[in-house]
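Student: Construct the complete structure from the given sequences, taking the supplied hints into account.
Residue numbers (this note's numbering), protein chains in the order written: chain B, 1 to 240; chain D, 1 to 653; chain W, 1 to 329.
Among the hints, erroneous ones may be present.
[As the list claims (entries may be wrong)] Taking lysine-lysine and the DSSO-like style, the derived pairs with C-alpha atoms no more than 30 angstroms apart in a straight line are: (1) B:Lys64 with B:Lys129; (2) W:Lys85 with D:Lys430; (3) B:Lys64 with B:Lys194; (4) W:Lys264 with D:Lys623; (5) B:Lys201 with B:Lys133; (6) D:Lys432 with D:Lys623; (7) D:Lys115 with D:Lys97; (8) D:Lys432 with W:Lys264; (9) D:Lys28 with D:Lys115; (10) D:Lys97 with D:Lys28; (11) B:Lys78 with B:Lys129; (12) W:Lys85 with D:Lys512.
[Unchecked claim] Derived list of chain B stretches under chain W, where covered just means 3 residues or more per stretch with a C-beta under 8 angstroms from a C-beta of chain W: (13) 86-92; (14) 109-117; (15) 135-145; (16) 153-166.
[To be verified] Just a sample of chain B residues kept apart from chain W, beta carbon distances all over 12 angstroms, derived: (17) Thr9; (18) Ala16; (19) Ala21; (20) Ala43; (21) Val49; (22) Val52; (23) Ser62; (24) Asn121; (25) Phe197; (26) Arg207; (27) Leu219; (28) Met226.
The set of hints was computed from the structure by calculation and includes no laboratory data. Glycine included, each C-beta is placed from N, C-alpha and C at the ideal position.
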Amino acid sequence: MSVPVRIATLLVAFLAVVAGAVFIVVHYLLGVGGPAVVDYTSAASGGQVNVVLQEDAQNSVSSKPDWVSYFVQNPQTKQWVHTTLFKVPANTRVNMTILGYDGCTPLRNNYFSQVEGTIGNTVSLQQFKDTGKPLGPARNVSVVNSWSHCSVGHTFAIPGLHLFVPVASPNAQLSANSLCGDSPCTAGPYSLEKFSFMTPKSGGEFRWQCFVPCGGGFLDGNGGPMQTIGFMTGFMTVAS
Amino acid sequence: MSVEIQPGSDRIQPVDEGPESARPWWLKQAFHTGLAVAVIGYFFGHWLGNFLASGYPQNGLSDSNDVPIVLGYAFAVIGWLAGLGVFNDLGRLVIGKPMHDVEYAPAGGLAKYFKFTLDHKVVGIQYLFGMITYFLTGGLFAMAIRSELLSPTFHLLSPSTYLMVVGEHGTMMMMMTSIILGPFGNYLVPIMIGSKRVAFPRLEALSFWLTPAAYIILLSGLLFGGFPFGWTGYAPLSVQAGQGADCYYFAFGLMGISVILAGFNIIVTIVNYRAPGMRWSRLPMFVWSMFTVSFLMVLAAPVLVGGAYMTLLDRTFQTAFFTNTLGGSSYLWQNLFWFFGHPEVYILALPGFGIVTEILPVFCRKPLFGYRIAAAGMIGVTLLSFFVWQHHLFDSGINPDMRPLFMLTTELISIPTGLIFLVAMGTFWKAKISFSVPMLFALAFYFNFLIGGISGVFLSDVPADTTEHGSFFVMAHFHYTIMGGLIFAFMAGIYYWLPKLTGIRLNERLGKLHFWTMFIFFNSTFLPLFALGMAGMPRRVFEYARNLETLNDWVSISAFCLGVSILIFLINVVMSTLFWREREVGNPWRSRGLEWQVPSPVPPSNFTVVPVVLSGPYEYGVKDAPPVADLDPPAGVISGAFVGAGAGPGAEA
Amino acid sequence: MAAEQAAPAQAEPRHGLRIFLIWLVLALAADLVIWFVWAPHMPPGDMSDSARHQQFDIAVLSVTGAPVILAVWVYFAYALIVWRKRPGDEEDGPPIDGHTGISLAWIIGTSVIVLAAFVFGTVELVGPAGAGAGEGPAPIWKISGITTAAWTPGTKDILQVQVIGQEWWWIYRYPQFGGFESTRLYLPKDTPVEFHVTSLDVIHSFWAYRLGVKADANPGVDNVAYTRPEQLGGFTVRCNELCGLWHGAMFNSGSVVTQAAFQKWAAGVRATEEQEGVIAALPGYALTYDPTVIRQLGADLVKVTGITGGNGYYYSGAQAGTPGPPVSP
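Tutor: If you want it as C-alpha cells, here you go:
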C-alpha cells in the first residue's frame, strides 16, 4: 500500500474510534436519554418540602408496557414525570405523599409491612374510590397488614436512611374490576399515604427501592422494573 | 508419523484457486460475505425465536423474550461461517468432490488476512490483530470503571451502566484466552518444530473466525442493557437478568469452542509433525508451554460451553438447572464454572511462562538452567490446576472438610510454579544479561508474577481468605498474575517475534518508553489494591467507604497513566508497521531457535525442505555445539532418519 | 543433558555467599518490622476472636512470604547488576544447564514451606471454629457454648442470628427471641454467636469486616458461621457477592454492645413486633427462608408457570382479589 493510502486508513480507523467514544460518553455518561431529575429544592419553604409520587400497575410511556412504574410529580407544573430521580434540600423535613394505584402483591418478607423510619413511625392512610371520593377517613397506621388480606401494593424504602414504608394497594373490593391500566393514572381507585422524614445535614445520593418483587416473569420477581432506574428504583439526591 | 520426508512429495501445493480467481473481489468469499450472510441469519433466527416462544406467559409478563436473541445469534454465527466459506470443504466431502488442498498463502498482499485462509502464518497474524483489538476494547472499559471509582459519592455512571461496564471489561479480557496461543502459538509452533504446516488448518482458521463473532456479540450486550453479574455469571442472578445476559453466555460459549479447536490442533501438530531429530528433549520451552496449555484448553473449556448452554436453557425454556426454588442448585453453576475457571487462569498464565523461559536464554547467552525442571513445572501446573477449583468457593457453604483439602492442593500448585523461578534464577547465574526490550518485559514478568503468586498463597489460606475473598485483594492478585504476567509476556513476545512475523522491527526507543511507563504505572495501579481489599472494599461496587477515597484516586490516576502507556505501545505498533517499516530480515537477537534460522517474514512454505534437527535450542556457550538444524539435508538423509519406521511416501527413496 | 557442576574460579567472588548475606539482613529487617510494627494493625483487626485469629494468620503468612519475595528480588537485583553484559562483549556465557543439588534443595525447600503453610492454615481454620468463614449447613468446627432455645446473658449460651439477604438489604432474625426480624444488627459482647446466613432470592454474601465473618447467602441453603465479639463498637456489613443493581449500596452497620444492653434491645423489639402482629405474619423460623409459606394463610402460595414471581400470583387463586375487611392493623 502506498503512503497516502496508509495515512487514509489510519485516519479512518482513528475517527471511527473517536466517534464510538463520543457516542458512549454522550449516551452513557451524560445520561442523554435517561430519566430526568425532578428538582424539589426550589419548592421548599420553612424547612419543609412536599414531594408527591404515584405508582402504577402498567405504563403507557415506555417500551415496556407491562412494567410497573413510579412517577414523580413536578412541583411547579404539577405534571407527572416518568422518572425515579428527584432532588430535595438537606436538613429539611420531607412530607411525602404516595398515590398507590397498583393492586396487591405479597411481600417477599413480611417484615416490610411495618413502617420504619418515618416521623412518628406511622403513615397516614386513606382509600379513595375511582370517582375520586374517599372511601373512609384517613387513619394513622404503623403496619399495613399484607398477610391476611391483599393490601400491599409496593414499598418505598430508602435503606440508607432506614426508611421503610409499605404502600397500600387500593381497596380490594373496589379494585377487583377497575384498576387503573394506563399511566400516569388519573382515574381508578387508589390509596393515599402521607408520611414525613428528615433529610440529613450533609448531602449525598441515596438510592431508594421497592421491596415487593413485582417483576413478573423474572426469576424471584426482582428483575426487570425492580432493577431499572426510572421504574421501581431510583435516587433521592440531597443537595447541601 | 505424517512428516513429509520426501522433498517435493508433500500434498501441499501453491495456490491455485481455479474458476474462483476469475470472479471480482467482492464476490469472493471473505469478511464481507460473512457479514452479509450473518445479518441474514440473525433476522431469520430472530423471527424463528419469536415464532416459537413469544406466547410463553413469562415472556409476556417480562416483555423480554430471550429465545429470538439466542436463536438470532446462533443463525448469525452459522451464517457468518458459511459466508466466509468455512463449510465449503465439508460440503465438498459430503457431495463426493475432492477437498481443496491446503494452500500456502502467497507472500504479498493483504486480501488473505480477510479470508478463511488456511495458512497457519496468516491465521497467526489475524489472531494478533484480533487479540490486540479485544485487549484495547477491554482496556477502555477499565478506564470507565476507574473513572467511576474516583468518588464514592459522585456517580459518573448510573449504577446499571457501571455494572454493565464491569461485566463487559471482565468478559472482554477473557476473550483473550488465546492471546498467546492464537498469534504466537499458531504462527510459530510449526516452524519451531520444523514442520511446514499444522495438523488441522481448517480447525485452526475456524478457531480464529469465531473470535470476531464472539467479540461483536459480547459488545452487542451494551445495546440490551448489559449483564449484571460480572464475568462469573453466578446463578440465579443470571436467570433473573435481562436480555444482555444472553449475549454474555453466547459469546463466552463461542470463545470456549474456539479455544477447544485451537488447543486440539496444537496438540496433534506437536505430537505428529515434529521434524526428524526434534526429540521431546529438544523441544523449545515455548512449544512445551503451548503443548501443556492446549491440554488445559481441550479439557476445561467444554465444561464452560456446557454450563453456558445450560444457563441459556434456564433462561429461555425455563429448565431449572441452577434455580433452587425449582429443584436445581445455584452451587451447580458455581462448580461448573470454576472447574473451567481455574484451569482457565492457568491457560492464561502458562503461555507467559513459555515465552519468558524461551526469551531468557537468548539474552543471557547461556543454556536454560534445568530444562527438565521447567518442563516438569509446566506439566505439574497443568495437572494440578484441575484439582484446585473449590478455592473460589471457600466461603460459599461447601462441605467444610473440602476446604483443607483444596487449601492443600492450591498450596501445592505453588511448587511447580516456583520451578519456573528456579529456572530463571539458574539461567542468570554468571550469565551475560543484555537489556533489550523483550528482556525488560520478561524481567518485569518475573517481578509481577512473584507478587501475584505470593498473594495467591495468602488467598489459598482459608482463614486469611475469609477477609480477602471477593475483595479488591483478589482483584490485585489476578491482575498481577494475568496482566502483570501474561500481558507483559505478550509484550515481550511481540517485541521479540514481530521481526520474525512481519520482517519489521518495533522502534526500540518507543519500546523502552513503553516498558518503563507500563511497568511503573502498572505497579502503582495494582499494588494499592491489595490494601484496599484488606481494608474491606468488595469487588464490583460503585460505592465504597469514604476513607478509602484517596487510595482509590491514586489508583485511578495511575490507571489512566497506564492507559497512556498502552497508547504508546499502540502508536509504536502502528507507526512501526505502517510508516517507519525498519526492515529486519536476519536474526537480530542471535537466537538459536529454529524459527530464527529461516528468513523473516517466514516464506510461504516455512522451509524449502523439512529440516533435520541436530541439537537443542539452548546450547549457548557450549563449545563446538552443532547448529540447531540442517535446513538443506542431502537427499536420503531424511529418509535415512526413518530406517524401520514403516510405510511412508519416502520409504522407497 | 548431564548436570554440570558450576566450579567458581578461585579469583571470583563467592556470589552465592554474598547474595545469601544481603538477603539475610534484609529478610530479618523486614520480618522484624512486619511482626512488631505492622502485625498488631493488620486487617481485619481484633474485634472478635475470628478476626484476631485471622490477623495472626495473615501476620504469619506475611512473615513467611516476605523472605521468599526478598530472596527472589535480591537474587534478581544482584544478577542484573553483577552479571549484566558488558559493552563489546559478544561472547556467550558458561554452558551451565542444570545443577541437581540446587534443584533438589529448591524443590524440597518450597515443599516444606508449602506444607508448613498448609498445616498452619488448617490449625487456624479448625481452632477458631471455622475462622469466621461460612461452613455450610453441616458445620464441623463449632464454637464452644451451649445451644439453647432462649438466650440468657452471663451464661455460655450461643446466640443464634439468622442473616437473611435479599435484593438489596440485610435482615436479621433472632430465633431465641420469638423470631423477630430487624434491619439492625446488634450483638452482645463476649458471647459465642452462630450466624445462619441464607438468601431469599439470588446469591449474596454476608461480610462483617471487623468481625472477620464472611459467609455466602445462597437461596434455600443455610450457611453457618461462628464468631465471638470481644470488643464494643461498630462494624460494617457489606454484601460481598454481586447480586444485581444495588450490590454496591448493600451495606449497613452493626454494633457490639454490652450483654445487658443487647437483652434490653432485643426484648423491646420483640414486644413491639408481637404487639403489632408482625411476628405472627412471618413464616415460622426455619434454617432456610421460604417466603411462600405464611402461617396465617396456612397454604402454599401459587407459582406462575413454575417461576416464582410477583404480580399477585403469590396468593392462591381463591384468595387473589378476594374482598376482605378494610385494611387495619
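Student: Confirm or reject each hint.
Tutor: Checked hints:
1. B:Lys64 with B:Lys129: holds, 28 angstroms
2. W:Lys85 with D:Lys430: This hinted pair holds, its Cα atoms lying about 10 angstroms apart.
3. B:Lys64 with B:Lys194: With a Cα-Cα distance of about 29 angstroms, the restraint between B:Lys64 and B:Lys194 holds, given a limit of 30 angstroms.
4. W:Lys264 with D:Lys623: violated, 87 angstroms
5. B:Lys201 with B:Lys133: violated, 39 angstroms
6. D:Lys432 with D:Lys623: Holds - the C-alpha atoms of D:Lys623 and D:Lys432 are around 17 angstroms apart, at most 30 angstroms.
7. D:Lys115 with D:Lys97: Measuring from Cα to Cα gives roughly 22 angstroms; hence the hint holds.
8. D:Lys432 with W:Lys264: Not satisfied, since the Cα-Cα distance of roughly 75 angstroms exceeds 30 angstroms.
9. D:Lys28 with D:Lys115: Holds, at about 9 angstroms.
10. D:Lys97 with D:Lys28: holds, 20 angstroms
11. B:Lys78 with B:Lys129: holds, 22 angstroms
12. W:Lys85 with D:Lys512: With Cα atoms ~18 angstroms apart, W:Lys85 and D:Lys512 stay inside 30 angstroms; holds.
13. 86-92: violated (count 0)
14. 109-117: holds (count 6)
15. 135-145: holds (count 8)
16. 153-166: holds (count 5)
17. Thr9: The assertion about B:Thr9 holds, with a minimum of 40 angstroms to chain W.
18. Ala16: holds, 32 angstroms
19. Ala21: holds, 25 angstroms
20. Ala43: holds, 27 angstroms
21. Val49: For B:Val49, whose nearest Cβ neighbour in chain W is about 24 angstroms away, the distance exceeds 12 angstroms, so it holds.
22. Val52: holds, 21 angstroms
23. Ser62: holds, 17 angstroms
24. Asn121: violated, 10 angstroms
25. Phe197: holds, 15 angstroms
26. Arg207: Not fine: 5 angstroms to the nearest Cβ puts B:Arg207 too close to chain W.
27. Leu219: violated, 6 angstroms
28. Met226: violated, 7 angstroms
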